[in-house]
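K.L.:
Modelling step: build the complete structure from the supplied sequences, incorporating the hints.
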Amino acid sequence: MGVNDEKRRGEGLASELVEDFWSPDMRIGDAEREEAVEVLGRHLADGRLDITEYGDRCARASTARVRGDIVAVFADLPQPRPKFLTPRPPPPPPAPAPPPHAPARARRHPLDRALMTVVWLVAAVLAVVTRNLLILALPLVLTMILRWR
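For the sequence shown, the tail end lands on 179 under our numbering, and the numbers increase by one without skipping.
Honestly, the hints are just simulated from the structure, not real lab data.
All C-beta atoms, glycine included, are put in the ideal place defined by N, C-alpha and C.
Misleading hints may appear alongside valid ones.
Using C-beta positions, here's what the derived DEER-type ranges look like [to be verified]:
1) 120 with 151: 52 to 60 angstroms
2) 175 with 155: 16 to 24 angstroms
3) 122 with 166: 52 to 60 angstroms
4) 114 with 81: 22 to 30 angstroms
5) 178 with 129: 20 to 28 angstroms
6) 102 with 80: 16 to 24 angstroms
7) 167 with 122: 35 to 43 angstroms
8) 124 with 151: 29 to 37 angstroms
9) 156 with 124: 55 to 63 angstroms
P.N.:
See the structure below:
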């Protein structure tokens, strides 16, 4: 393990780990080698490879140690390719930031506005009927109290 590998682990940067995961120098295992041989068999069945070339490529795939070795085996072949060679789609963009909290006025309960409308209408009718404008002080005080909440 090199100094750079230790440094990267120490930093713990996810973006570097993702890049390393898909690098041609990433080691592969038996499952990836077997998948490559299976896909080469499909190319043989489709007539893209003759039996000699198929045997040569299978031998190279069976002894491959890193991803780049398998890439070289499939360099001149069209799809299908082993699934592990297909690059992953880019990660989704980060979620947008939540909107800032609405001011207190916007967070009021919807019934507050309806209630105040009714109070003002009742007070206006009472003020006209009783000819007493002091009645309008009640909804005025209630409005001020609700705004300060």
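K.L.:
So which of the earlier hints does this model not fit?
P.N.:
7 and 8
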